[in-house]
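S.K.: Sequences are here, hints too, so could you generate the full structure?
Quick mapping for you: the protein sequence lines, in order, are chains L and C. Residues in the first sequence are numbered consecutively from 5, following our numbering. Residues in the second sequence are numbered consecutively from 5, following our numbering.
Bear in mind the hints are in silico, worked out from the structure with no lab data behind them. Computed from a predicted model, the values in this text were never measured in an experiment. Virtual Cβ for every residue (Gly too), placed ideally from N, Cα, C. Honestly, I wouldn't trust all of these hints.
Here are some chain C residues the structure puts well away from chain L; computed CB gaps all over 12 Å [unchecked claim]:
no.: 1; residue: Ser50
no.: 2; residue: Gln56
no.: 3; residue: Ala64
no.: 4; residue: Thr108
no.: 5; residue: Gly206
no.: 6; residue: Pro353
no.: 7; residue: Gly370
no.: 8; residue: Gly386
no.: 9; residue: Asp403
no.: 10; residue: Gly421
no.: 11; residue: Ala443
Short, incomplete list of chain C residues facing chain L, as computed with Cβ under 7 Å [to be verified]:
no.: 12; residue: Asp188
no.: 13; residue: Ala190
no.: 14; residue: Gly200
no.: 15; residue: Gly244
no.: 16; residue: Thr289
no.: 17; residue: Val294
no.: 18; residue: Asp297
no.: 19; residue: Ser422
no.: 20; residue: Val467
no.: 21; residue: Gly470
Number of protein chains: 2
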Amino acid sequence: MTSLAAELEQILGPKGWLAGDDAAPYSRDWLNRYGETPLGVARPGSTEEVSQVVAACQEAGVSITPQGGNTSLCGGAVSGRSGGVILSLSRMNAIGDVDRAAGTIVVEAGTVLARLHDHVEAQDLIFPMHLGAEGSAQIGGLIGTNAGGSHALRYGMMQDLVVGMEVVLADGTVWDGLRAVQKDNAGYQLRRLFCGAEGTLGIVTRAVLKLYPAPKQKATALLALPDIQTLVDYGTYLRGDAGEFISGLEFFCDLGLDLALRHVDGMEFPLESRSPFYLLVELTTSSAMVPLDEILEGALTVGMENGQVTDGALAMSEAQRAAFWRLREEQPEGQRLEGAQLKHDISVPPGKLASFLSEGAEVCEGILPGVRINPFGHLGDGNVHYNLSPADGQTDFGDKAKEFAEELGALASRLQGSFAAEHGLGRSKIALADHLRSATERDLMVQIKAAVDPKQIMNPGVVLKG
Amino acid sequence: MTSLAAELEQILGPKGWLAGDDAAPYSRDWLNRYGETPLGVARPGSTEEVSQVVAACQEAGVSITPQGGNTSLCGGAVSGRSGGVILSLSRMNAIGDVDRAAGTIVVEAGTVLARLHDHVEAQDLIFPMHLGAEGSAQIGGLIGTNAGGSHALRYGMMQDLVVGMEVVLADGTVWDGLRAVQKDNAGYQLRRLFCGAEGTLGIVTRAVLKLYPAPKQKATALLALPDIQTLVDYGTYLRGDAGEFISGLEFFCDLGLDLALRHVDGMEFPLESRSPFYLLVELTTSSAMVPLDEILEGALTVGMENGQVTDGALAMSEAQRAAFWRLREEQPEGQRLEGAQLKHDISVPPGKLASFLSEGAEVCEGILPGVRINPFGHLGDGNVHYNLSPADGQTDFGDKAKEFAEELGALASRLQGSFAAEHGLGRSKIALADHLRSATERDLMVQIKAAVDPKQIMNPGVVLKG
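M.R.: Structural data, given as structure tokens:
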């Protein structure tokens with residue numbers, strides 16, 4: 005046992021320090037692409053223990069990688085160096101009392117998102133962050149990656165939902181930024197900086213989160229639309245006419261529908277005819293007095309009368325609503341079960357979605373003729389999960405993965421969008437980032453990283469080259 | 005003429021460089037408390053000129069203070085050093101095209117807020133930042149100070165309304181962060197860091213701002229309530245029941261009303277009886293189908309039936325709505341005309357407002373018996389402008405200003421709030437900040453500043469000691 009391992013076991017006790025085979029379940033990312041064998045896994049039970057672990061690692065010059073639910077799609081939560089320490093926040097999962105007047109709650113970083121949902125929904129409140137991994141993703145990881153998800157159009161990303169935080173810095177010092185107010189201009193917006201830093205500037209241990217009143221009504225529709233520009237135009241109309249109420253504006257295409265229906269059990273398609281594109285619209289309101297169904301029906305009628313919407317169904321029950329959402333949510337699973345895939349997490353201004361899809365298709369066809377393109381995602385914020393399956397009869401993409409990522413990322417950048425919309429950079433997108441972002445932008449990040457973590461022990465090799 | 009002045013005049017031409025008497029109008033803050041005589045005022049017409057000015061100042065080791073509308077309440081927009089350069093962005097005031105599908109617009113930093121309002125409102129959109137200085141405040145200054153205002157509860161602060169920006173860094177390099185998407189997780193959230201940095205990390209030259217659909221309906225009420233706790237409780241009820249629609253939730257007290265009615269011309273009080281506290285509620289919706297008046301009337305009836313609301317009036321015309329808002333907006337003017345004043349820009353979680361006001365009153369009475377307290381502000385986010393007038397028969401506060409600021413700031417901090425809610429630190433609150441914020445927090449900011457502006461030429465003496 006190294007002296008650092010012995011020291012960490014001393015700090016954390018036997019249940020707080022896992023090594024050898026016990027550490028194995030934490031060692032690799034869930035796509036099984038990244039993760040060197042760590043020295044061990046530290047499982048602190050308190051901020052004080054996190055602080056001691058970080059200070060010991062700093063002293064020993066050993067890297068620390070914080071890990072939440074380990075659902076990163078970019079390899080951000082496993083060690084890039086053999087002998088690094090993984091810091092799992094799972095034991096720190098306390099949920100504090102709701103402050104109803106402020107609309108806030110304090111939680112520890114290891115709290116699983118779905119558990120927080122249940123906790124606050126029992127009190128007629130919501131924490132409006134929803135994404136596929138919510139059954140395992142933890143608050144600390146969601147903050148570290150600045151998670152987005154399907155409600156970001158209305159409620160913002162994680163950076164918009166965190167009003168205060170506690171962070172253990174690279175030397176073990178604890179920054180107490182647990183303020184519980186929206187307005188705090190006493191200097192730099194540090195909590196915004198730590199949000200999205202993927203554990204490279206410090207380890208978030210607790211956070212004050214914003215809550216919203218639970219909806220008293222929901223109205224959900226699945227619509228068919230003939231092409232992407234019509235989809236965008238209809239979305240723009242909805243945002244003008246039902247702006248306050250839109251809590252979901254999700255799209256997918258017919259290839260994605262086909263894959264989901266073929267591969268995933270228990271899926272039902274509620275419309276009479278197939279169409280190039282589909283739009284899931286969900287309106288919610290916390291007022292009992294809003295004629296929400298009529299508003300959605302009215303919008304649907306407008307769309308049908310002017311030919312934008314070719315078919316549509318309103319959810320008449322909770323079960324139907326869930327079935328509509330499954331069509332969207334099982335898009336990744338349908339594609340995964342089809343075989344090899346390439347995932348790209350792009351965002352472009354919604355008005356440029358049509359350009360992105362048409363130019364993107366040309367780019368893809370140029371790189372690998374016949375490659376099948378399955379774009380789906382969040383219309384309201386222009387976030388496209390632009391996923392590829394091999395051409396019919398093919399089983400892989402040859403050596404073209406990098407070319408796809410670079411060309412599609414460059415196209416998104418040209419359209420004032422982002423090549424890394426909501427999944428972060430992790431380890432997997434650093435080379436891409438260095439290719440696509442300006443040296444000025446990278447240097448700014450390098451300067452900030454060097455200032456806050458001079459020994460480069462905080463999750464090195466994530467966000468920036470290690 | 006110094007060689008730097010000659011160089012700047014060469015770069016900017018005669019209308020771009022003001023010195024001597026021509027520079028005087030830019031030299032002092034509008035409360036006339038700060039501002040050393042500058043070398044001159046640079047008025048660049050383009051980002052390229054800003055870049056050249058900054059590079060020249062960097063080379064000469066001369067400080068640069070960006071100035072927008074010069075309405076800072078904290079002395080943040082004038083030079084702290086004799087011979088520093090003031091950089092006025094006023095000539096850079098171009099407004100770009102609206103991107104309706106994305107709900108965004110690109111503007112130059114010198115654009116005056118009210119002009120932007122007019123521009124987008126003519127296209128049935130709003131830019132939802134409203135504050136007293138909107139007739140002169142510029143976008144760059146609003147970003148630099150992370151402005152809040154009266155609509156922050158619903159739409160957020162400036163950091164929530166900026167999706168992309170262009171910044172000239174300390175060495176003159178231009179960072180092009182003019183992306184137009186909500187979701188951009190390609191590394192650290194730099195735009196959030198520059199927002200609120202008060203020009204100490206770089207100079208914002210252009211920004212991509214979020215727009216929202218213009219309301220199709222508004223409903224406004226002025227209510228009387230017996231005490232602060234009832235006000236908070238009623239606000240909590242409103243946020244649950246009319247959550248989506250609340251775009252204003254502003255409070256003031258009877259002393260503030262009295263000062264406004266006595267000192268400001270043309271004020272009318274629409275209720276039958278006076279009361280310790282008043283609440284201005286404004287609901288807006290972009291849907292034509294919401295029964296907005298009924299929702300507000302219903303909420304008012306609930307409040308009256310359970311004794312929370314003792315009197316109330318609904319605005320029946322645009323003129324009445326404007327008259328209600330004037331009662332709130334002229335609070336600062338009423339107090340200013342009363343004579344000497346001390347202003348404190350505090351925020352606390354709304355549920356702790358009652359504690360803050362009762363403990364704050366004890367603190368103030370202990371420091372200077374009889375001092376008159378006039379709290380008003382934004383109920384939804386707990387932002388209290390906690391202003392003091394001298395006791396009856398007194399004309400000043402003796403030497404107690406610092407003690408008031410420190411004690412009230414410490415009280416806000418204990419309640420998980422902020423001693424600098426929406427006005428920033430500027431020059432006037434640095435000593436207070438060093439007294440109230442932790443060394444850990446200050447050191448983080450110092451490290452970031454040193455990394456990004458190693459020669460300390462960007463607005464030194466603002467946010468952090470110069």
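S.K.: Determine for every hint whether it applies to the structure shown.
M.R.: To see whether the hints hold, each was checked on the structure:
1. Taking the minimum C-beta to C-beta distance to chain L, about 18 Å, the non-interface status of Ser50 of chain C holds against the 12 Å cut.
2. Separation of Gln56 of chain C from chain L is adequate, the least Cβ-Cβ distance of about 16 Å exceeding the 12 Å criterion.
3. For Ala64 of chain C, the condition that its CB be more than 12 Å from all CB atoms of chain L holds, with the nearest at approximately 22 Å.
4. Taking the minimum C-beta to C-beta distance to chain L, about 7 Å, the non-interface status of Thr108 of chain C is violated against the 12 Å cut.
5. Residue placement check: Gly206 of chain C does not keep its beta carbon more than 12 Å from all beta carbons of chain L (closest about 9 Å).
6. The Cβ of Pro353 of chain C sits about 4 Å from the closest Cβ of chain L, inside the 12 Å cut-off, so the non-interface label is violated.
7. Listed as outside the interface, Gly370 of chain C is consistent with that label: its C-beta sits roughly 24 Å from the nearest C-beta of chain L, beyond the 12 Å cut-off.
8. Annotated as non-interface, Gly386 of chain C brings its C-beta within 12 Å of a C-beta of chain L; the closest such distance is 5 Å.
9. A cut-off of 12 Å between C-beta atoms confirms that Asp403 of chain C is not in contact with chain L; the least separation is 24 Å.
10. Look at Gly421 of chain C: its CB is around 5 Å from the nearest CB on chain L, not clear of 12 Å, so calling it non-interface is violated.
11. Annotated as non-interface, Ala443 of chain C brings its C-beta within 12 Å of a C-beta of chain L; the closest such distance is 9 Å.
12. With 7 Å as the threshold, the beta carbon of Asp188 of chain C comes within range of chain L, its nearest partner Cβ sitting at about 4 Å, so the hint holds.
13. Taking 7 Å as the C-beta cut-off, the interface hint given for Ala190 of chain C holds, the closest approach to chain L being about 4 Å.
14. With its C-beta approaching chain L no nearer than about 5 Å, Gly200 of chain C sits inside the 7 Å limit, and its interface hint holds.
15. Checking Gly244 of chain C against chain L: minimum C-beta separation of about 5 Å stays under 7 Å; hint holds.
16. With 7 Å as the threshold, the beta carbon of Thr289 of chain C comes within range of chain L, its nearest partner Cβ sitting at about 6 Å, so the hint holds.
17. For Val294 of chain C, the interface hint holds, since its Cβ comes within 7 Å of a Cβ in chain L; the closest pair sits about 5 Å apart.
18. With a cut of 7 Å, the hint placing Asp297 of chain C at the interface with chain L is violated, because the nearest CB-to-CB distance is about 11 Å.
19. Among the interface hints, the one on Ser422 of chain C holds; its C-beta lies about 4 Å from the nearest C-beta in chain L, closer than the 7 Å criterion.
20. Nearest Cβ of chain L to the Cβ of Val467 of chain C: about 5 Å, under the 7 Å cut. The hint holds.
21. Hint status for Gly470 of chain C: violated, given a least beta-carbon distance of 14 Å to chain L, over 7 Å.
In summary, the structure is inconsistent with hints 4, 5, 6, 8, 10, 11, 18 and 21 from the numbered list given earlier, while agreeing with the others.
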